[in-house]
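Going down the list, the sequences are from chains A and B. In this text, residue positions in the first sequence follow this note's numbering: the first is 1, and each later residue adds one. In this text, residue positions in the second sequence follow this note's numbering: the first is 456, and each later residue adds one.
Some clues are possibly wrong.
Stated by the list, open to error - Pair by pair, the computed Cβ-Cβ distance ranges are:
id, chain 1, residue 1, chain 2, residue 2, range
1, A, P182, B, N596, 38 to 48 Å
2, B, K555, A, R310, 35 to 45 Å
3, B, I478, A, E96, 33 to 43 Å
Said to hold, decoys possible - The calculated SDA-like cross-link candidates involving lysine to any residue, where the alpha carbons are at most 20 Å apart (straight line), are:
id, chain 1, residue 1, chain 2, residue 2
4, A, K58, B, M595
5, A, K58, B, R486
6, B, K593, A, P64
7, A, K58, B, S565
8, A, K201, A, N283
9, B, K593, A, N74
10, B, K593, A, E288
11, B, K593, A, I63
12, A, K237, A, A196
13, B, K555, A, G364
14, A, K4, B, D578
15, B, K593, A, K237
It should be emphasised that the hints constitute simulated quantities derived from the structure, not laboratory data. All C-beta atoms in this analysis are idealised placements derived from N, C-alpha and C, irrespective of residue type, glycine included.
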Amino acid sequence: MFKKILIANRGEIATRIIWACRELGIRTVAIYSEADRDSLHVRFADEAWCIGPAPSTKSYLNIPMVISAAEIANVDAIHPGYGFLAENAYFAEVCERCNIKFIGPSPECISLMGDKARARATMKAAGVPITPGFEGIVEDERDALRIADEIGYPVIIKASAGGGGRGMRIVRNRNEMLASLPAAQHEAQLAFGNPAVYIEKYIEQARHVEIQVLGDRHGNMVHLGERECSVQRRHQKLIEESPSPALTPEMRRRMGEVAVEACREIGYVNAGTMEFLLDENKNFYFMEMNTRIQVEHPVTEMVTNTDLVREQILIAAGERLEFDQDDIIFSGHSIECRINAENSRTFAPSPGLITAMNIPGGPGVRTDTAAYPGWYVPPHYDSLIAKLIVHHRTRDMAIARMQRALDAMIIEGIDTTVSLQQQILADADFIAGNLSTRFMERFSNPRPAAQGAAE
Amino acid sequence: MNLKEVKELIELISEKGLTEFEIERQGFRMRISRYNQPPASAQQVAPPVVALPIPPVVSAPIPAQPIQNSATPEAAPAAPASLESGSAGEAPESSLHIIKSPLVGTFYRSPSPNSDQFVKVGDRVGPETVVCIIEAMKLMNNIQAEVSGEVAKIYVENGQPVEYGQPLFGIRD
């Protein structure tokens, strides 16, 4: 078992990893940029090393400095969290070469799934349903038009080297393609350093449903059910829940099996998430695979009574999974609301000093956060400052629980998206479970003040 | 716990060959641990390093004695050589220009274990004078003074792990 782990991350996920390490008796090493000197993860780690100035490229993404810190702290393993270097195959390789265990899958798997076009092709070959689309990179405009004609409009252009909504364009007809293709390629170049794009069928009323998998180094592989993440704004998730209101137990079984088999095919180890789109007829199609622990992992933990970060560490240390598929029991319903340091109406980022804070408690409420009163939210990083998670026996009860928890989630001094979340939780379609990736559109357009407000 | 008590504690720990020691009292917690031997200087035992978890509002960090020379500290262990984490444990004089580490890595006073030190206290330096090496991932990085002046203080020990921004040298105009 590892004696010491370096956490190559910051914020709430860094504290999350520290908790799992503490419970396993593993010493923790935090790294931080100058902007994060007063961070909670620095405070709670057993050791902390400043590795660079505020900009991520000079600190959290600075591989030589991260490895240098790992070496002087003499760690056995590195947990990369999510974002930053978590899906950087080169980083995983460097760790291996420096004899430091990377807590995650192999560099080959990271690389394979990180190339979205290759991932689609691999999954297709493995028998996983994929959205109708051409598997290759779009060569030029003529190619794009031909592909779109074959698939049938509407289509979506996507960046091969990335995600998160950048380098994406929905195209409804030939005319739109002529402008959208170069725009998408340019955006992809800027965001990921690679202009390569591919084209898929665009599903209008799609639901984003993802399957959590876990595999150890002894060939055991399980799935832990699904998470529905359709409530998204600009492809950034706002609310996630498990189970999905759209899935029957039979669908869950089938999707889970498909995910597990595909992961076996590619020799996947550790935690991963396979993302699918569901169409109006409940057909599911592979979208992409995330080869890391995800932000929304807590909802799975709540309904399966597991600790996924703990499992990641154990797997990386060579342990066998303690449970098999039959041992995994799904119980109740869990919802997570992401709380961002942003204005609820304009989404303008709101860094600054948190002057007062109350974290909700009571039964079935969990808050994963690294924020605290007196903490200055730095402007340099993503705006997620807390995750509010609830669990209850049914979806309706979980919604009521989330509403009262949100009411008690007080963060003063900065803008947060708590009030937006309250509005979503009061929305009739949300309550009915009528979700799709277009759900948030109703919140983009100015609407009458009294509509949908939670009181 | 005052500076004298901390010094005595460190002496005791070195004497008894302990590798790790932790003490907690009202409002105060201290952990001291020895590092493994640094790879390039086989003949020196790494000095014990005091690790103080820094509370959010630091009223008075323990002032460390700046190291005047690189004599092996076994006979007379220096006062808390540096703090392992967070900001510098000592308050460098405001009149000195502080050369801070631009890297995370291991600090070396000389190009190789058997050669002379780059600089000593009292030496004059210019902007391009190499004052030390910081080794990161087996790569030796020469660190230049970037200012002119006289080496007044040296805040770290040969073979000591240092973090980004950690004070290394104090240069007087």
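Here's how the hints hold up against the structure:
1. A:P182 with B:N596: 38 to 48 Å: 43 Å, holds
2. B:K555 with A:R310: 35 to 45 Å: 38 Å, holds
3. B:I478 with A:E96: 33 to 43 Å: 38 Å, holds
4. A:K58 with B:M595: 19 Å, holds
5. A:K58 with B:R486: With a Cα-Cα distance of about 30 Å, the restraint between K58 of chain A and R486 of chain B is violated, given a limit of 20 Å.
6. B:K593 with A:P64: Holds - the C-alpha atoms of P64 of chain A and K593 of chain B are around 10 Å apart, at most 20 Å.
7. A:K58 with B:S565: It is violated: about 27 Å lies between the C-alpha atoms, which goes past 20 Å.
8. A:K201 with A:N283: 14 Å, holds
9. B:K593 with A:N74: With a Cα-Cα distance of about 14 Å, the restraint between K593 of chain B and N74 of chain A holds, given a limit of 20 Å.
10. B:K593 with A:E288: With Cα atoms ~37 Å apart, K593 of chain B and E288 of chain A exceed 20 Å; violated.
11. B:K593 with A:I63: 14 Å, holds
12. A:K237 with A:A196: The given pair, whose Cα atoms are some 24 Å apart, is violated under the 20 Å limit.
13. B:K555 with A:G364: 48 Å, violated
14. A:K4 with B:D578: Not satisfied, since the Cα-Cα distance of roughly 41 Å exceeds 20 Å.
15. B:K593 with A:K237: 41 Å, violated
The structure fails to meet hints 5, 7, 10, 12, 13, 14 and 15 from the earlier list, while all remaining hints are met.
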